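Undergrad: Construct all of the structure, not just a fragment, from the sequences and the given hints.
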Amino acid sequence: MIRLEKRPTPSKMWTYLTPIVAVLLTMIAGGLMFAALGKNPVEAIRTIFYDPLFNEQFAAYSRPQLLVKAAPLILIAIGLSLGFRAGVWNIGAEGQYIIGAVVGGGVGLAFYPSGSPLIFPLMIVAGGIGGWAWAMIPGLLRVWFNTSEILVSLLLVYVAEQILASMSLGLMRNPEGGGFPGSRNFQQWDAVANVELIPGTGMHWGVVAAFLAVIGAYVLLAKHVLGYQIRLTGAAPRAARFAGVSPSRLILTCMGISGALAGLAGLFELTGPAGQISIDFNSGYGFTAIIVAFLGRLHPVGILLAGLLMALTYIGGELAQFMLSVPAAAIQAFQGMLLFFLLAVDVLTNYRIRLARTDTKTGAA
Amino acid sequence: MTSASPPLLSIEHLTKAYPGVVANSNVSFAIQPGEVHALLGENGAGKSTLVKMIYGLVKPDSGAMHLMGEPYAPHEPSEARRRGVAMVFQHFSLFEALDVAENITLGMEDPPKRRDLAERIRTVSHEYGLPLDPSRLIGELSAGERQRVEIIRCLLQNPKLLIMDEPTSVLTPQEVDILFTTLRTLSSEGTAILYISHKLEEIRALCDAATVLRLGKVVGECTPRESTAREMAELMVGGSLHTPERAPGAEPGDVLVEMKNLSLPSPTQFGTSLKDVSLQVRSGEVMGIGGVAGNGQDELLSVISGEAPVAPGHLFVDGEDIGPLGPEARRRLGVLTAPEERLGHAAAPDMSLVENAALTAITREKLAKNGFLDWGATRSFAERIIQSFDVRTPNADVAARALSGGNLQKFVIGREVLQKPRVLVVNQPTWGVDAAAAASIRQALLDLAQGGSAVIVISQDLDEIMEVADRFAALNGGKLSAPRLTQGLTIDEIGLMLGGAHDMEKAHAAE
Amino acid sequence: MAGISLELLLAALMVAATPILLAAIGETVVEKSGVLNLGVEGMMITGAICGFAVAVETGSPTLGFLGAALGGAVLSLIFAFLTQVLLSNQVATGLALTLFGLGFSALIGQSYAGVKPPPTGDIDFGPLSDIPFIGPVVFSHDIMVYVGILATAAVWAFLRYTRAGLILKAVGESHDAAHALGYKVVRIRILAIAFGGAMAGLGGAYISLVRVPQWTEGMTAGAGWIALALVVFGAWKPWRVLIGAWLFGGITVLQLNLQAAGIAVPVELLSMSPYLVTILVLVIMSADKRRAALNAPASLGRVFHATS
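Protein chains in written order, with this note's numbering: chain A, 1 to 365; chain B, 366 to 876; chain C, 877 to 1184.
Keep in mind the hints are simulated off the structure, nothing from the lab.
A couple of the hints might just be wrong.
With a cut-off of at most 27 Å between alpha-carbon atoms, the simulated BS3-like pairs for lysine-lysine come out as follows [what the hints assert, rightly or not]:
no.	chain 1	residue 1	chain 2	residue 2
1	B	478	C	1113
2	B	582	B	525
3	C	1060	A	6
4	B	478	B	424
Predicted, not measured: the structure shown is a model, and the values here were computed from it.
TA: As structure tokens, then:
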């Protein structure tokens, strides 16, 4: 029988090792899954993890994509990680991402076709506020009525999707779009297009924002009193109240930050890679970011790396789909598996595994 | 046959080791039928582990047990219960949201039908002078009543051996008397009792034999009636004890803390509401507040710490109304507290001692500038606590949960005392702490009062209160009695202040 | 509201309520044992595809439902292993279950898009179904509708009258006390989790085999989350969960009918109404803190590790 023994102090070594072990285990299990699908597992894993970066044929296209895909994941995951650390479970980032894009895009469209350089910053602010406000709904309901923020934030994703559909079919539909659903294309509107800042890198304003968020979160958690309060609340809620942390204020702060960052991610995606408000504008970044946050061990630098890795699975997945006709859903299952393995090996950080002797019976009398 | 008959339970060379600590090493002793046998030892001496092995919760690494001459190695508690071993836990094994009958059913091997069981609960509980209503929810019961549920649960199974783990810590002196009467009845009926305690006078009053444990080993056996408390204490502690010194007769100063008709409705379903509490504590004074667990101690502390703010007009420090202020604002004014629960309330178990040092000290020790923490200063504060209070730890970076109870308590008390509070409130300052650490904590509290602070010691340990406090008041059902000088106060008087025997007058009178 | 018949509405309500009722009854048992499994959505969608695939391959809806229960239970056992043996965080693991379930089901479901499942027939109640109004509303459904109601009754009786039910509640109330009395906390919880998984699987299969009936990716569309909300709404009491499911089914059916009737309300507003109503109901239920706390299992979501 396996027995778990609590470590007196969490293991530093395993804190760093668990994500790596989890990734390796996922590669093995994923390889088995690909084999079951009738694909060569080694080739599939190589196509996902190696080719996008190093295969001459694809790297030129894939490498810049890495930052493009990673930016929204990192931006959202950083916000979520603050809440997760404090025991505030905002799992509706997908909805906040949508509303951020809708509000930011709406503000922009109100000024169309102005060429003012102020519009883009204004849209960014509006996107952040949109996500923030959408996250405030579960936040305030939790604070006022003790309603589970988990369920409310998640249910609001479905509501946000309906709003998105309504907007792309109605209010924000491109009047010059020939009746097709979807808004004007922001990329074709120079004043607000979120263009690549350094050619060939995929670096756009969203990537800049993601890096700033990583640095900001790092400083917040390591040095600032608010970061200390967040960690304390997550580690021991009662001790946090004793220390003078107001639970309500902390919930609203965490919900607000994560909502605003998700909203920003939505706005940068709208004005950049996506281009327009459409029914299928959201592509699950808000949910994948949950995996990213955990894979990064809720640590800003970890999230940065995890975001890049997860972006790689997206790009490599597309490549595998294209080259080996591995179904897109396999990648989604692959990502889910990664989170399972991570949670499974995480036990090693706080516990030691002992093989208990089967006969602990009494010895000779 | 008397001399040849085997003991009820014999324990032979039991050893149990956990990583880093040997909880029991080669422990042997025997309990005779009908005997009240004391297991005596300090916190951490290994009493709990030993008892858990007898009850089948923990398996020994080596050694053997015999019950009535038969080999006895229970795999799980239900096997122990089937063999006639029952246990009353120190931390109750009860379910608050279930009723008395359901709780009793859960602890029985083959329980009768609910209606029959209810009837039996009523009969047996009256027979032994511990009346119980089977349909009441546990959450609504006092600590003493909860213990009755545990005892009745055991008695319904006609045990041959009844294990009681620190049973009197939740009882008033009068309730202790009733419990002892019950236990003597049981013993005369042939039930053996293994009685675990560190309270020497109780053991002398009740027990026929005693085994003393220290650091996991049997260090002596004695007949309590023939030994003095001092002899047993020295056996238990392994040396002579330092009694805290009180400076003689310093006159208390001005009123520092004042509560006026303070009430606080309970925030939780089964909590206690504070009712109309009034109290004045002067500078230089140690105020002792006694009471049985669950009578409003946590609530009283949270009112003073600021975790549960109250409306203006009820709570003053140095004339300033602090009722609506939060914990941080109160600390700024010099009001510091140390709650009972160390892990999770006074300290965050998974955070390092450095981080835990910042928990209450950011404001007074100026550990933050412009909202940014100064970790260097925090570390030196943590190290100062560790040094001044002799906290045994490899360094300040270990997690709080890695410290023993006594060391963590020294850290928590040290953290507050070193911040030079004007008012310090502590709840159960030496609960679960070994004697040497307890003595140093009490000394620190006395020194603080000596220096002009007002100190409020909330404790369920009456000996502790008598040792450190100048005046004594009792919490009972959320009400605070009028304070009295501790000098000249008798245990019986204190017992009555604590509420006597809760709801038991009738049963008592019926005897 | 001309054009919407009350009789048809009520009959449709029973059908619409069934998937979330099955899942919510399962989750009630899980939560009563002190475990919060947020993976209901993932287990439902897994059940939906497992049931669909088995039914299509064997031609038997009955085997399909069994396969769905098995699929849901197997997935839930991953959750059980992680949370009960490896002591992982229940919230995170539940989310992982949902994310994985969505991907996994989409993967299996690829070859089943556009396929028609074998029909699940209505039970023949004979003359009972000819009773005016009551017949069509009560006695004209397939077996799963009644399984849902029977499961509600069974779980109610189990929790109220049996010793096993009492032990389950005790474990959910205080795992430490239950452990001290010698009950196998982990084993009991794993069984409860597997039951919850099987029930969620059935609920999912009901969507893909009866309600829709076909397979599309992500077709549970939040039903699992609504089932979780129903448990809170029902205050962990089976009959109240049933009422909640009917209420929710009623809103779903009504909004669909309104959409079909072409009423002058935006379609999107109608589509989002079930979610908004769920949120509203959650708020109302949780606002009364004392009542909410009264039935909520005290150990809900807490990690249990036997220290001794």
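Undergrad: All hints, please: hold or fail.
TA: Consistency of the hints with the structure:
1. B/478 / C/1113: With a Cα-Cα distance of about 24 Å, the restraint between residue 478 of chain B and residue 1113 of chain C holds, given a limit of 27 Å.
2. B/582 / B/525: Cα-Cα ~26 Å, so holds.
3. C/1060 / A/6: holds (20 Å)
4. B/478 / B/424: Judged against 27 Å, a Cα distance of about 33 Å means the pair is violated.
In summary, the one numbered hint that this structure violates is 4.
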